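Trainee: Here are the chains, one letter per residue:
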Amino acid sequence: DTAVSQTPKYLVTQMGNDKSIKCEQNLGHDTMYWYKQDSKKFLKIMFSYNNKELIINETVPNRFSPKSPDKAHLNLHINSLELGDSAVYFCASSQAGTSSPLHFGNGTRLTVT
Amino acid sequence: GNSVTQMEGPVTLSEEAFLTINCTYTATGYPSLFWYVQYPGEGLQLLLKATKADDKGSNKVFEATYRKETTSFHLEKGSVQVSDSAVYFCALYEGTSYGKLTFGQGTILTVHP
Numbered sequence: 013d014t015a016v017s018q019t020p021k022y023l024v025t026q027m028g029n030d031k032s033i034k035c036e037q038n039l040g041h042d043t044m045y046w047y048k049q050d051s052k053k054f055l056k057i058m059f060s061y062n063n064k065e066l067i068i069n070e071t072v073p074n075r076f077s078p079k080s081p082d083k084a085h086l087n088l089h090i091n092s093l094e095l096g097d098s099a100v101y102f103c104a105s106s107q108a109g110t111s112s113p114l115h116f117g118n119g120t121r122l123t124v125t
Numbered sequence: 002g003n004s005v006t007q008m009e010g011p012v013t014l015s016e017e018a019f020l021t022i023n024c025t026y027t028a029t030g031y032p033s034l035f036w037y038v039q040y041p042g043e044g045l046q047l048l049l050k051a052t053k054a055d056d057k058g059s060n061k062v063f064e065a066t067y068r069k070e071t072t073s074f075h076l077e078k079g080s081v082q083v084s085d086s087a088v089y090f091c092a093l094y095e096g097t098s099y100g101k102l103t104f105g106q107g108t109i110l111t112v113h114p
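Just so you know, the sequences run in chain order W and E.
Here the first sequence stands for residues 13 to 125, where the numbers follow the working numbering.
Here the second sequence stands for residues 2 to 114, where the numbers follow the working numbering.
No wet-lab data here; the hints were simulated from the structure.
Incorrect hints may have been included.
Stated by the list, open to error - Simulated pairs of lysine-lysine, DSSO-like, Cα-Cα distance not exceeding 30 angstroms: (1) W:Lys79 with E:Lys53; (2) E:Lys101 with W:Lys64; (3) E:Lys101 with W:Lys52; (4) W:Lys79 with W:Lys31; (5) W:Lys56 with E:Lys69.
As the list claims (entries may be wrong) - Beta-carbon label-pair distances, calculated as ranges: (6) W:Glu65 with E:Ala18: 46 to 54 angstroms; (7) W:Ser32 with E:Pro41: 37 to 45 angstroms; (8) E:Gly79 with W:Gln26: 47 to 55 angstroms; (9) E:Lys61 with W:Lys79: 38 to 46 angstroms; (10) W:Val24 with E:Ala54: 31 to 39 angstroms; (11) E:Ser59 with W:Lys79: 35 to 43 angstroms.
Please read all numbers here as calculations on a predicted model, not as lab measurements.
Backbone N, C-alpha and C fix where the C-beta goes; we use that ideal spot for every residue, glycine too.
Using the sequences and the hints, build the whole thing.
Mentor: If you want it as structure tokens, here you go:
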């Protein structure tokens with residue numbers, strides 16, 4: 013069984029469009045995250061949610077809006093897509109507030125043309 | 002703030018060579034340290050972790066020792082295989098923000114037969 017699953021795996025869209033990426037975890041974790049990985053493999057946290065509550069919001073443009081309908085799901089909606097949004101977006105989960113390891117999904121490669 | 006610095010890649014080795022990937026960190030407190038690996042097309046997976054000074058993190062083939070005096074957590078493996086080709090990330094967690102990991106920039110490893 014996949015522990016952290018995100019869809020779609022690939023997303024190609026034009027500038028100005030709005031798109032969503034979905035993430036689900038079946039590990040029973042309290043905390044979920046979105047990370048962005050650029051073309052040089054650098055990883056940067058975007059958001060984290062703990063029990064559906066936003067905990068971390070790392071200077072991300074407000075075109076990016078996370079939504080957590082329950083603690084097993086964390087979706088990412090992006091409005092008015094820009095070329096610079098092209099990247100791989102990773103969802104992850106972990107137990108809250110500890111040094112427990114993060115479990116990552118396989119990523120969504122977003123290409124904005 | 003916290004930061005993690007890894008040796009520049011890419012690193013290219015022949016099969017059965019000894020691997021070292023250097024990692025040093027800056028943190029105000031006493032962080033937990035991690036190594037993650039990312040295989041092509043996949044998310045990150047935990048390789049090993051260490052939570053206090055002088056701890057040796059290990060997964061039986063990879064190991065890293067938490068050295069507080071040199072603020073380092075170098076990854077080592079005695080004999081690499083082609084299947085070890087991946088991107089390796091060093092990361093720290095300081096416990097002040099829910100699960101927020103600070104990642105190094107990643108080191109690309111390619112192993113040739």
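Trainee: Against each hint, give a clear statement of whether it holds in the structure.
Mentor: Here's how the hints hold up against the structure:
no.	hint	in the structure
1	W:Lys79 with E:Lys53	violated, 35 angstroms
2	E:Lys101 with W:Lys64	holds, 16 angstroms
3	E:Lys101 with W:Lys52	holds, 21 angstroms
4	W:Lys79 with W:Lys31	holds, 13 angstroms
5	W:Lys56 with E:Lys69	holds, 25 angstroms
6	W:Glu65 with E:Ala18: 46 to 54 angstroms	holds, 47 angstroms
7	W:Ser32 with E:Pro41: 37 to 45 angstroms	violated, 26 angstroms
8	E:Gly79 with W:Gln26: 47 to 55 angstroms	holds, 50 angstroms
9	E:Lys61 with W:Lys79: 38 to 46 angstroms	holds, 40 angstroms
10	W:Val24 with E:Ala54: 31 to 39 angstroms	violated, 47 angstroms
11	E:Ser59 with W:Lys79: 35 to 43 angstroms	holds, 39 angstroms
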